[in-house]
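**Student:** Sequence:
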Amino acid sequence: MTPVLTGGPAAAEEGIVPTSPAAAASAGGFAAAGTVPEPLTWAPGLPPAQLPPAMNGADLARTPPMGWNNWAHYGCKTDNPYAGHEGVSEQLFRTVADNLVSGGLAAKGYKSVNIDDCWMTNKRDSKGDLSTNTDLFPSGMKALGDYIHAKGLKYGIYNDAGFATCAGQSGSEGHFAADAKLFARYGVDYVKMDGCNVTVPAGKTRLQAYVDAYTAMSKALADTGRPMVHSQSEPGYVYIGVENKSDWYSALLHSQQTGQLWREGDDGYVWTPRTREGDGWGFVQTNYNYNWPLARYSQANSWNDPDFLLAGDNSLTLDQQKTQFALWSMMASPLIISNDANKLTDSTTVSILGNTDIIAIDQDRLGAAASVVKRTPTADVLSRPLANGDRAVALFNNSGSQQTLSTTLAQLGYTTQSRCSFTVKDLWAGTSATYNAKTAISATLPANATAIYRVSASYGCGTTTATIPITGPINTKAGCVTVADSKPGTAATVGACTGAAGQRLTLPGDGTIRNGSSCLASTGREGAAVKLAACDASAGQKWT
Numbered sequence: 000m001t002p003v004l005t006g007g008p009a010a011a012e013e014g015i016v017p018t019s020p021a022a023a024a025s026a027g028g029f030a031a032a033g034t035v036p037e038p039l040t041w042a043p044g045l046p047p048a049q050l051p052p053a054m055n056g057a058d059l060a061r062t063p064p065m066g067w068n069n070w071a072h073y074g075c076k077t078d079n080p081y082a083g084h085e086g087v088s089e090q091l092f093r094t095v096a097d098n099l100v101s102g103g104l105a106a107k108g109y110k111s112v113n114i115d116d117c118w119m120t121n122k123r124d125s126k127g128d129l130s131t132n133t134d135l136f137p138s139g140m141k142a143l144g145d146y147i148h149a150k151g152l153k154y155g156i157y158n159d160a161g162f163a164t165c166a167g168q169s170g171s172e173g174h175f176a177a178d179a180k181l182f183a184r185y186g187v188d189y190v191k192m193d194g195c196n197v198t199v200p201a202g203k204t205r206l207q208a209y210v211d212a213y214t215a216m217s218k219a220l221a222d223t224g225r226p227m228v229h230s231q232s233e234p235g236y237v238y239i240g241v242e243n244k245s246d247w248y249s250a251l252l253h254s255q256q257t258g259q260l261w262r263e264g265d266d267g268y269v270w271t272p273r274t275r276e277g278d279g280w281g282f283v284q285t286n287y288n289y290n291w292p293l294a295r296y297s298q299a300n301s302w303n304d305p306d307f308l309l310a311g312d313n314s315l316t317l318d319q320q321k322t323q324f325a326l327w328s329m330m331a332s333p334l335i336i337s338n339d340a341n342k343l344t345d346s347t348t349v350s351i352l353g354n355t356d357i358i359a360i361d362q363d364r365l366g367a368a369a370s371v372v373k374r375t376p377t378a379d380v381l382s383r384p385l386a387n388g389d390r391a392v393a394l395f396n397n398s399g400s401q402q403t404l405s406t407t408l409a410q411l412g413y414t415t416q417s418r419c420s421f422t423v424k425d426l427w428a429g430t431s432a433t434y435n436a437k438t439a440i441s442a443t444l445p446a447n448a449t450a451i452y453r454v455s456a457s458y459g460c461g462t463t464t465a466t467i468p469i470t471g472p473i474n475t476k477a478g479c480v481t482v483a484d485s486k487p488g489t490a491a492t493v494g495a496c497t498g499a500a501g502q503r504l505t506l507p508g509d510g511t512i513r514n515g516s517s518c519l520a521s522t523g524r525e526g527a528a529v530k531l532a533a534c535d536a537s538a539g540q541k542w543t
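All the letters of the sequence shown, read from the start, carry residue numbers 0 to 543 under numbering that gives the first Met the number 0.
Keep in mind that a hint or two might mislead.
[Stated by the list, open to error] Only pairs whose alpha carbons sit at most 30 Å apart, straight line, appear in this in silico DSS-like list of lysine-lysine:
no. : residue 1 : residue 2
1   : Lys244    : Lys486
2   : Lys486    : Lys530
3   : Lys141    : Lys107
Source of the hints: derived by calculation from the structure; they are not laboratory data.
Start from the sequences and build out the full structure, keeping to the hints where you can.
**Tutor:** This is how it looks when you write it as structure tokens:
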């Protein structure tokens, strides 16, 4: 029997133990016992017909959605002393639609204009439908959608899977079918379903309540016959404040079946215009660090959503704005901007968010998110395979001072044959250079800055040995498989993901997992530790 990797509290303490095929793991990670994730195939150069299929059968977001949302900058109402009420309103969204087009970002792919909370009132109308706040949206939601569509853009709307939204307006609980039909009549293309105030019935767990709610909304949207992207929040609400993370991973797996993207952790902050302050960088760091270990959930129509892009005036330095955009693109995250609508035509903001080379990384059709292949307390090196066989590489300086970071193509799994050459394009500068596999890719970076590159191999040299951390849901965190030495007999354990050499295991494509010249091997006995052994092509060394 082909062994599989799995994890649990015992695995974290005693090493990895093989279990049943129901816990089969992909090259991007290993699964909790009892789950069967879709394998994330390591397959650079796949033609479009062979790209990973949609998990949920609805091909609505083949690549991560791109657009704009009001929440992180405007919320419901800013009460900005400099400009009066700047909250959610019909005029705001008409302006956003205009500016996305005139500023050029719509042409770069930012096409979804998404309304967040407070477009509705806290009471339903006489027919039981959501009631529009006509003081803020005097023309109504259908007319606004028509205006957005006339600009060649997509129309997004918000509600909550609970009895009330996070701001206390009418939620969809008990009204999923009616609300989905209403959104279809409005001409909505994208539905963000928040998760405040979901009722947990007696005898059910919090996870079960959220699974039921989002399953119901998913079915209701499908039943309308109108294609609508379903942006979910189930994992975020199962995760928040919960120490044992096993339910979090279950919620992530469920979300792959019922929608196209999902918030999986805490919200980004809402900008404070009264003081013009906010901890935007703290949000970027927090959401990056909980998102990157979840790469195994990322694929076509299935996207981890670490929340909004803040480029503009949301308290970030220029380097921090560029870093967030680069990291979100490496992680195959949705690119949903939330900033001052006037910044959508600002040349500096547009130059960051409109960088077509970096957008192409985010929108790559293979859908594989980056892995952190090297980590220190102040820096990360990330690597992401791309559909045409190229690879994206990022060097992230997560310190408060300048430092020089580097990696080599050999460290990323490329061949060291002297005949091979590689074109390395700096995606911020737009310049290219030729490297061999041993040449260092190096950058001296200011505080919180990130360099990002695209690597293309010369003919016959593009095949790589996948060099990645293998992560899994180990009770309270996503741990990494760790093999401290390359000598036969060394046991594999699970520990905190650090990007250390013992976590950069190689997948040469023959079914083995290697550290140096040794292979991970299972005896096939229940409860037996997985150890390194001399590679011999035996069944116990073939992993899925």
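**Student:** Now tell me, hint by hint, if it's right for this structure.
**Tutor:** Tested hints:
1. Between Lys244 and Lys486 the CA atoms are separated by roughly 33 Å; this puts the pair beyond 30 Å, and the hint is violated.
2. For the hint linking Lys486 to Lys530, the alpha-carbon distance of about 10 Å falls within 30 Å, and the restraint holds.
3. Straight-line distance between C-alpha atoms of Lys141 and Lys107 comes to about 26 Å, which keeps the hinted pair within the 30 Å bound.
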